[in-house]
Structure formats: C-alpha cells, structure tokens
Amino acid sequence: MAWAVFVILSVLCIGSVLAMIVSRNQAHNALFLVLAFSCLGGLFGLLDAPFAAAAQVLVYAGAIMVLFLFAIMMFNLREPAPREKRRLRTLLAAILGLVLFAELAVAGWRAVAPGSASPAAPDGLAGLGRLLFTEYLYAFEITSLLILAALVGALALAGKKEGA
Amino acid sequence: MARYFWLIPLLPGASAFVLLLLGQKLSRRWVSWQACLSVFLSFALSVIGFVHLIRAGHGAGELAKTLLPWIASGSFSSAISFVFDELAAVMALVVTGVGLLIHVYSIGYMAADRNTSRYFAFLNLFTFFMLVLVLASDIVLMFVGWEGVGLCSYLLIGFWFERPAASKAGMKAFVVNRIGDAAFIIGVLFLLVTVGSSSFAAINAAPAAGLLRPGLVTLVAILLFVGATGKSAQIPLYVWLPDAMEGPTPVSALIHAATMVTAGVYMVCRLDGLFSASPAASSVVAWVGGLTAVFAATIALVQNDIKRILAYSTISQIGYMFLGCGVGAYAAGMFHLVTHAFFKSLLFLAAGSVIHALGGEQDMRRMGGLKKALPTTFPVFLVGALAIAGVPFLSGFFSKDAILTSAFAGGHYVLYALGLSGAVLTALYMFRLIYMTFYGQTRATHPAGTAPHVHESPPVMTVPLVVLAVFSALAGFAGLPVLLGEKANWIGGFLEAVLEPAAHHLALSTEVGLILAATAAALAGIAMAFVFYRKRPDLPERTARSFPGIYRLLVGKYYVDEAYDAVVVRPLVRGAETVYARFDLGVIDGALDGSAAAAASAGKGLNVLQSGLVRDYALAFLLGAILFLGVLLL
Amino acid sequence: MIPPAAFLLVAAVLFSLGVLAFFVKKDLLTQFMAVEVMLNAANLALLAMAKASGLAAGQVIVLFVITVAAAEAVIGLAIIVLIFRQRRTIRTDELKDLRG
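Protein chains in written order, with this note's numbering: chain A, 194 to 357; chain B, 542 to 1175; chain C, 108 to 207.
For reference, chain A alone in the conformation it holds in the complex (with noise of 0.2 Å):
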C-alpha cells in the first residue's frame, strides 16, 4: 500500500519537473512546481516527519510559490523568445546532469548500504519540538532574526520610493 502512495507520488513529481523544464510559459512553470512540492509533502509524510509535510505544504508550496506567482504577475512578460541554438551547452547541461546524477546514486546507495541497522524509529513531534528548543535553540533563533532581515531587507530593496 505505502509503495503504490511512494509510486504515485514520485512519479507525479518528477513529472512536473520535468513538465517544467518542457513549457515555456513562467505561469505554468510555476503552478507545475506547485505540484511538485505538494507530492514531496506527501513524500516527507511517508518517511515519518509530520511537521516537515506540513510545513512543506504550507510554506513552500503556499507560501514561497505564490510569491513567485505574484512576481510573475509584476514582470508581466510576454512569451520567451524560441529556443535559441544554444544545442550545445544543453547537451553539455544534459551529460552533466546524468554524471552528477550518477554521481548522487552511487553516494546514496553506499549510504545506505543495505546491512545498516534501521535504528530506532524517532522521537515524533514531541521530541522533535523537545530539540529545537534545547539543542539548536540558538539555530532557531537565530533563523527568526534571519526572517525578520529578509522581510526589512526585501523592503528596503523593492519598496516604494518616497514620493515615487
């Protein structure tokens, strides 16, 4: 049962990547995208971490996506010009991408090289929040004030000029 989920899930968002790469238009690009990040929520729900999917959704998929869409909406652009004959570098691109993803596969397969116990299974939401506060607590502090510079560093970027 879990395996048809992961199965539908991956391929559903690979599939939207990949359908990203393939169109052209930016709106598309980013609802497609959309998608994707939806599936990998439901992909970090079947590997146990809850709050992670629900943040994914929430955050990413909510959040960050439509502030792309509303960027999309500003730039109002027209069509892309068609594919120049930069055949080339996309080739080039295209090997790489397999080397690297060669590459990925063999370090993840060594990674979890099948032998490895599976250990206990974690702590849950519980023991997650229990080591955000204690553990990393100056990380999540510090990721606030990391928060609050982006919004004033983001207004201070775009924001209307005085008078403007």
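Keep in mind the hints are simulated off the structure, nothing from the lab. All values reported here derive from a predicted model rather than from experimental measurement. Possibly wrong hints are sitting among the right ones.
Calculated lysine-lysine pairs in the DSS-like style (CA-CA distance at most 30 Å, straight line) [as the list claims (entries may be wrong)]:
1. B:Lys-912 <-> C:Lys-203
2. B:Lys-1145 <-> C:Lys-203
3. B:Lys-913 <-> B:Lys-1076
4. A:Lys-353 <-> C:Lys-133
5. B:Lys-912 <-> B:Lys-1076
6. B:Lys-1098 <-> B:Lys-1076
7. C:Lys-203 <-> A:Lys-353
Partial chain C-side listing against chain A, Cβ under 10 Å, derived [as the list claims (entries may be wrong)]:
8. Leu-121
9. Leu-124
10. Met-156
11. Ala-164
12. Gln-166
13. Ile-197
Which chain B residues face chain A? A few, computed with CB under 10 Å, are given here [claimed, not checked]:
14. Asp-1157
15. Ala-1166
16. Leu-1170
17. Leu-1173
18. Leu-1174
We put the CB at the ideal spot given by N, CA and C, even for glycine.
Fit chains B and C to the supplied structure of chain A, relying on the hints for placement.
Okay, now just chains B and C, sitting in the frame of chain A:
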C-alpha cells in the same frame, strides 16, 4: 716610529675616502691642504723607515706588518700584509716624494677648475693604491694595487670627461691595461697552483726549490711581463700612453711618468728570483725594453705636441729600465726608475707650466721665444732635458750609463748598440723640443688682440719645479760608477739587500770607454738638434721631403693604432654587436618578451571563461561539484 | 517499509532535473525556481537519511532549510524585481555586466 710604516698607504687612502664622500662640501683650501698633508705624512713615514733601514744595515732592518686576514681557501691563504724592505723603501720614497711635489703643483695648476675635490680625491686614491702595490708582501695584494692604479688612471685621464677625446682615452687606457692584466692573472694562477703560496719570498725561491719546472718558470715570467707591458706601456701594449695625455698635466707627470708606469719595472725587480731563473724570459724582457726604447724615440722625433713627445719619451725610457732588468742589472733598472721619476715629472710639470702660461697651447709649432718670458720654467726645463739626454754629471747620465755598462758587460752587444742609439735619439728629440719651444721668434698665431698674456706660473707651481730640478741634477751621485770604488754605487749597494746583484766585471779601460761613448752620444744628439732647429731651420723640412716614406711612417706612429683598430678592435666590436643583436636582444629579450606575450595570450585565451553569463559560471560550479564528488566517492 | 534508498534515488533524480532546468532555462525567474527544486531534493535526501539513521536532527535541519529557503526566496525575488526595474529584462543572456 718606523713600526708604523703600514700607515704609509693608509693615510692617503683615508684622505681619499673623506674627499670622495665629503669633498663637495669642503672648501677648496681644505681639500688642497688635506690631500697634500696626507701625502706629506706618508713621505715623512717613508723617510723614517728609510733611515731605519740604513741604520739597521744590509738587509737586516726589514719591517713587516700583517693588517687583516683576507683569503683562506683550502691550502691557500693570503693576508693583507705589508713589507718594508730596501726595494719598497726606494719606491715608497719616490711615490710619496714626487707625489707630494705634484700634489702641491696641482694646487696651482687646477686652480681654475671647479672639481678640485674630485681631482684630489682621485689623486689621493691613486697614491693609496700605488703604495699598496709597492708595500704588498704577496703578489695577490700587489695585484689589488695594480688594478687600483689602473682604475685611478682611467678616472684621472678622463677627468674632464665632458671632452669626448678624454673619455675615449681613459677607456683605451683601461681596456689595453686589461689585456695585459689578463695575462698577468693567468701567470699568477700558475704560480698559485704550483708554488701554493702567493708571497714574493716563496715565489722567488720556487725555481731553486724545484717547485717550478724551467719551462713553467719561463711561461709564468713571460705572462707576468705581458702584464707589465700593459701597465708600463711597452711594445705591444703601449698605445694607451700617448692618448693618456688628455688628462691634466700633473696627472701625466705623476701617473704616466713617475709612478704607475714604473710599476711593471718594480714588479720585475720584486720577482728577480723568478726572472733570473729563466734566461729566456729575461731575454724577452731585455729585448722588448731595448726595441721599445728605440722605437718610441723615433716616433718622438716627429711629434709636435709637447706632451706627446714626453709621453713617447717615457715609453722609451721605461724601455731602458726593462733593458737593465733583462740583463740582470735590477739595481741599475731601479736607479734609472728613480732618476727618471725626477726628471720626467720635472719635464711634464714644466711643460704644464708652459702650457698654462700660453693659455692652453700645446702645439710646439706655435711656440718659440719663451726663454725670456718664463724665467723660472726655462732653466728647470733645461736641467730636465740635460738630465734625460744623459749629459755628464746629471742624474740621467749615471743611471743610463749603469744600464748600458751592464748590458755591455753581460755580452749583449746588440742591446748595447740599441741603447746607445736610443741615447742619441733621446738627446735629439729633447733638444728639438727645447729649441722649438724656448728659442727663436715666437710662432704663436693669434687673431689680433686675443694673445694671452704670457706669464710665469705662481710659486706654488714653480717651487716644486725647482726642487725636482735639484734632484734631477744631483740624484746621480747616489749611484756613481763602480770604477770610482766599490762603495761609490751607494744605491746599488742599498738595493742589493733585496735584489740579485749584477754580474759586473769590466776592465777599467772598457768602463771609461763606455762612459765616453755615452757622453759622445748625448753631445751628438744635442749638436744635431742645434743644427736642425737653431742654425738651419730649413733643414728639417728638407730632410722630411727627402725621405717622405720614412717621415710619414714616423708621423703616423708606424700606424700601430690603425693596425690594432682594424685587426682587434673592429672585429671585436662587430662581434659584440652581433652577439648583442642575436643573443641579448634575440634570446634574452626574446625569452622575456616571449614569456610576457605568452602570459598575455594565455590570459586572452582564458578570457573566454569570463563571459559574464551566470549560466557559464554555474556550469563551472557544476563541473567542480562533480569532480569533487567524484574524488570523494573514489 | 519503503527503503530509504528509494527516496534517495528520487532525491537524486529531482536534483539532477533541477540542475538541468537551471541550464536549460533562460530567464532569471525560472532559474530561481530550479534552485528551489534543488533545495527540495536536498530536503528529501535529508529526511531519508534521518529515517535511515534514526536521528531526529535530520528533521530539524529540514525545518531550518525550509525557513531559510523562504527568506532567501524573498530577497532573491526582491533583487530580481530591482533588476527588472533597471533593465526591463530578466533574460540572463542579456545580463552580462561581469564580462571580463
């Protein structure tokens, strides 16, 4: 007090150092005083040392002092150490004594020049090096002095370096000397390798001790002598001396008459053990000396520049000194060195006085009738001329006679004949000079109203002249012929503490005959000069026209300079230019420019990577990440 | 039980696709989206490993990554807006000021 003899070189050296550094800031007066005082103190010390040697007796009073360790390499070591023996004493007295007089004379001669501090600095520096040369206890230190005087000669010849002729003359002197020095160095290297030590004592004892095979002795001696021909202006390396007259006249007097050019003679005398051990080498020395004596005298006969005549005369007289050394009469050679120092520097300084009086004129054809106008210069000039001509009882007579008698006594009759003919020529050209300069009507040609007021020189110049004249006249009595008694040759006896004695056994009648012959030669020369240049002034012209070939050959100085230029100088210059173009410019510059160009083109090639496009940079990232991962995984 | 290896494989695929997308696309905005894809792939891998090793640290890190990615997207978009205002284009081929 004589213990401090090692200060003799150091005092002028210190003065030179001060003048070189601070000379510009010191007053002219201070500079003159300091320069002369340092030489005077050296002279005083030399006299003290000399007296000490006399008191100590034959060879017993030798003083030695080691100042600093210098070279210590493997089994060879050389220290900076000085030695004061009879030979060194004679040289030191000449250098400091005559040097002092010339320093004083220079005060007057260079009064109008702006660069007196540089002049006196170089003069002091020269004195320092020359004294190092004569007081050195080993051949390596002597060579330091040898090179140093060469350097100072270059600096002083080219003193008025704004004149291209002076610069070129200085360069010529240095380069020609260098050729001789190359041979000298090779000789020294042979000595170091075979004898193992550079001290004169060791070298002189080496042939007897079997450290040097006869063939090697001859080779080394000849090599060293080649160096001497450069420094002392003999055939074949004499060509720089006439050109050196571009320098100030006191420089010509000091360096190119009395001291530096005699360094070669001193060296041969110092190494008398070496030269005596090789009859072949001594032969070479004597013959080169004799031939040069006559050769240079013939050229002097037709020169018109007063200083050139004296230059060729110097070359000729040094030939006599080498002739003496070559036949084994080292003391006679040294004796002539001393007397020559007196009368030649006298002649040069007096000539300087004449030139100074005429406002710079050096061509004798525009002189004449100066007898009355220069009441002090003329008599001293005459004394010098009589001395060099070998007129009896003046110094030159005794010293020249000593050499010629030794030559005859040794059976070298051809050399004797050369010497005798040289004596005739010497008297002839010297009195030609006297008559053309001082007698007759003045031939000076000046545009109306610009004739310089002909005046006698100031005392600071004439007093040294008088002193030198006195010595030129009387110094001969230090070396009277042996026929007057064994003790008569005082200087010979003095020097025999160091030098090999000359084999000298002649019948009384032969000796008297030789003396008469020498006197006759001198008088004959003077008489001929009188006829040609006083009685019948048209005769020189007619003789020249009768023998046009010979005349042109002599005036052209046997075209030696031209020959050297064509055979040696031009090919070398062309060779150097070719090497410069091919190697310096082509290879070295090419390599530099090439590597620069390579770097530039590499840069331009790599510029492709800097496209400014984010995508390309990201590609580079990716590549790097892949490689990195690959390394991690492997 | 789904082996973590499978998830890692998916993560690898997603990451490579993200790289490909970055190079294929020509406008800044879409390239930025590709970067987000890559980030997510990394998150997936992190969680897979967290499951595999039992350490909850993986999940914590993922949370932080999501948060920081959000902040980064904000700033990135602000910059893209500025570029657009200045140049009226977001096509990376035309933004070559760093050309050497």
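Does Leu-1173 (chain B) pass the interface hint, meaning its C-beta sits closer than 10 Å to a C-beta of chain A?
-> Where the cut-off is 10 Å and the nearest Cβ of chain A is about 8 Å from Leu-1173 (chain B), the hint holds.
Agreement of hint Met-156 (chain C) with chain A interface, Cβ distance less than 10 Å | Interface hint status for Met-156 (chain C): holds (7 Å vs cutoff 10 Å).
Against chain A, run the beta carbon of Leu-1170 (chain B) and see if the smallest gap drops under 10 Å.
-> Result: holds, 5 Å to nearest chain A Cβ.
Any CB of chain A closer than 10 Å to the CB of Gln-166 (chain C)?
-> 5 Å, holds
Hey, Lys-1145 (chain B) versus Lys-203 (chain C), does the alpha-carbon distance stay inside 30 Å?
-> Given pair Lys-1145 (chain B), Lys-203 (chain C) holds - Cα atoms ~18 Å apart, limit 30 Å.
Holds or violated: is the Cβ of Asp-1157 (chain B) closer than 10 Å to a Cβ in chain A?
-> 8 Å, holds
Chain A contact restraint for Ala-1166 (chain B) - C-beta distance below 10 Å = Status holds, d = 7 Å.
Leu-121 (chain C) as chain A interface residue, shortest Cβ-Cβ below 10 Å = Hint on Leu-121 (chain C): holds, closest Cβ of chain A at ~6 Å, below 10 Å.
Below or equal to 30 Å on CA atoms is what counts here, so check Lys-353 (chain A) against Lys-133 (chain C).
-> Satisfied, since the Cα-Cα distance of roughly 28 Å is no more than 30 Å.
Does the interface hint hold: is Leu-124 (chain C) within less than 10 Å of chain A, judged Cβ to Cβ?
-> Where the cut-off is 10 Å and the nearest Cβ of chain A is about 5 Å from Leu-124 (chain C), the hint holds.
Given the hint that Lys-913 (chain B) pairs with Lys-1076 (chain B), does the C-alpha gap stay at or below 30 Å?
-> 20 Å, holds
Would the hint on Leu-1174 (chain B) stand, with a C-beta cut-off of 10 Å toward chain A?
-> 6 Å, holds
Hint compliance for this structure: hint 1 alone is broken.
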